Amino acid sequence: MRRALSLAARARGKTSPNPMVGAVVVRRGRIVGEGFHPAAGEPHAEVLALREAGERARGATLYVNLEPCCHLRKRTPPCTPMLIQSGLIRAVVAMEDPQREVSGRGIDLLRKNGILVEVGTMELEAKRLNAAYTHFVERGRPFVMLKVAATLDGWIAAPDGSSRWITGEKARRRVHRLRAEADAVLVGIGTVLADNPLLTARIRGRRDPIRIVLDTHLRIPLSARLLESVGPRTIIATVEGSSSLRFSEIVGRGAEVWTLPERGGKVDLSALMERLAEEKVISLLVEGGSGLSAQMLRGGWIDRLLLFFAPKLMGGADARPIFEGRGAFRLSDAVRLEDLRIERLGEDLLLQGIPEMSAPDRTEDPDPSPQEARRK
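The numbers in the numbering used here rise by one with no breaks, and the one at position 18 of the sequence shown is 18.
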């Protein structure tokens with residue numbers, strides 16, 4: 001199963017909106033076939049593994065990190081008929097597919113046709129691998145990852161506004177990998193005005209994400225690199241009543257302008273998430289400043305937090321914090337991180353966790369306190 005997960009991970013950033021799947025066929029203790037789903041519309045992992053195994057699949061065991069599909073509502077044929085016809089006698093499945101059309105039906109079909117099926121081997125690892133896919137299927141909105149680079153004492157920019165570069169080269173390379181693996185990357189207009197970023201992955205052979213800017217008043221300069229560069233799809237999200245002239249100028253630069261409802265004087269994040277879901281964006285990387293980060297945290301939108309800490313201390317109290325504005329009043333109201341993982345990247349540390357207050361379908365006021373959000 002570890003081999004199947006490793007194979008599946010080779011397609012990071014390439015299978016959306018499909019999950020990452022790897023499959024291994026084993027007979028008499030030896031691998032006789034393996035494969036992984038390379039991209040949406042391409043053959044599934046099980047199909048490729050069985051093709052390689054050929055007749056050696058008879059009497060063999062299949063290891064796969066996700067339940068084999070059994071429905072017809074997709075571009076490729078279902079896998080279960082081929083598995084049944086292959087002569088397999090056993091299948092080890094890491095996790096069920098959360099899709100309503102599958103969700104245990106593929107496993108039941110294999111069992112009804114005489115194949116012994118075991119479910120749950122390395123289930124946690126399998127769920128981590130396809131967290132974005134599972135989240136999108138179950139909740140109907142993108143899986144949101146918030147990335148922050150900060151000093152050890154929690155500042156993301158110096159008092160003069162400078163923030164390049166807080167972290168080192170290895171950490172920055174990891175961020176480019178995150179962009180390549182995400183369907184879209186989101187920033188606020190403040191980040192564009194301050195840093196003029198490209199928001200591309202800059203990894204040879206890997207795709208760039210859709211680039212999205214929250215720009216309530218259409219302040220993005222026409223000279224911004226996001227509008228000058230040719231390539232990735234670029235979306236400027238604004239609100240009704242924005243200047244029609246600026247609208248036309250931005251569209252003339254090749255970007256799209258989405259007019260969305262306003263909430264609390266800003267673009268309504270709920271409306272943005274709904275629109276992204278319609279576009280089949282299942283994973284969203286947020287690289288905003290302290291304002292957007294706070295908006296995401298208070299709204300319960302963060303599904304995974306990635307904190308890159310540099311071994312630096314800014315000192316004082318007048319730099320820019322990770323989250324601006326009102327925070328928890330009491331320690332008991334603090335947001336706790338679950339499933340914590342820590343990794344060293346050169347001199348820097350990457351801390352990943354899941355905020356326990358993450359709640360995707362927010363309907364309360366746009367800027368509640370963490371205590372209010374938890375109570376609701």
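Treat the hints as calculated values from the structure; they're not laboratory data.
Accuracy of the hints is not assured; some may be wrong.
[Stated by the list, open to error] With beta-carbon atoms standing in for the labels, derived distance ranges:
1) G241 - G161: 28 to 34 Å
2) E356 - R2: 24 to 30 Å
3) E138 - A158: 28 to 34 Å
4) R173 - E240: 37 to 43 Å
5) A39 - K312: 36 to 42 Å
6) T121 - R330: 23 to 29 Å
7) A194 - R3: 19 to 25 Å
8) L152 - G120: 36 to 42 Å
9) R164 - E138: 25 to 31 Å
10) R12 - G265: 36 to 42 Å
11) G327 - H176: 43 to 49 Å
12) P261 - A158: 31 to 37 Å
13) G104 - G325: 42 to 48 Å
14) L245 - R12: 23 to 29 Å
[Unchecked claim] Derived pair list, reagent style SDA-like, types lysine to any residue, alpha-carbon separation capped at 25 Å:
15) K127 - V335
16) K14 - E42
17) K280 - V251
18) K170 - V335
19) K112 - T61
20) K14 - R204
21) K170 - I342
What you are looking at is a predicted structure, and each value in this text was computed from that prediction instead of being measured.
Glycine residues also receive a C-beta, built at the ideal position from the N, C-alpha and C atoms.
Q. Given the hinted pair K170 and V335, is their alpha-carbon gap at most 25 Å?
A. The hint is violated at about 28 Å.
Q. Taking 25 Å as the top limit, are the C-alpha atoms of K280 and V251 close enough?
A. holds, 22 Å
Q) Per the hint of 19 to 25 Å, is the separation of the Cβ atoms of A194 and R3 within bounds? A) Given about 45 Å between the Cβ atoms, the range is violated.
Q | Holds or violated: K14 to E42, with C-alpha atoms at most 25 Å apart | A | holds, 11 Å
Q: Could you say whether the range 25 to 31 Å given as a hint is met by the Cβ separation of R164 and E138?
A: Since R164 and E138 have Cβ atoms about 38 Å apart, the given range 25 to 31 Å is violated.
Q | Hint check for H176 and G327 - Cβ pair distance inside 43 to 49 Å | A | With a Cβ separation near 31 Å, G327 and H176 fall outside 43 to 49 Å, so the hint is violated.
Q. Lying within 37 to 43 Å: is that true of the beta-carbon distance R173 to E240?
A. For R173 and E240 the Cβ distance comes to about 40 Å; the hint holds.
**Q.** Status of the given 24 to 30 Å range, CB of R2 versus CB of E356
**A.** Hint holds: Cβ distance 29 Å, inside 24 to 30 Å.
Q: Determine whether the Cβ-Cβ distance between R12 and G265 falls within the hinted range of 36 to 42 Å.
A: Given about 37 Å between the Cβ atoms, the range holds.
Q.
Against the 25 Å threshold, does the CA-CA distance of K127 and V335 hold or violate the hint?
A. holds, 23 Å
(Q) Holds or violated: the 28 to 34 Å window for the beta-carbon distance between E138 and A158? (A) violated, 41 Å
(Q) So if I understand the rule, the pair passes when the alpha-carbon distance is 25 Å or less; does K112 with T61 pass? (A) holds, 17 Å
Hints 3, 6, 7, 9, 11, 14 and 18, counting from the list given before, are not met by this structure.
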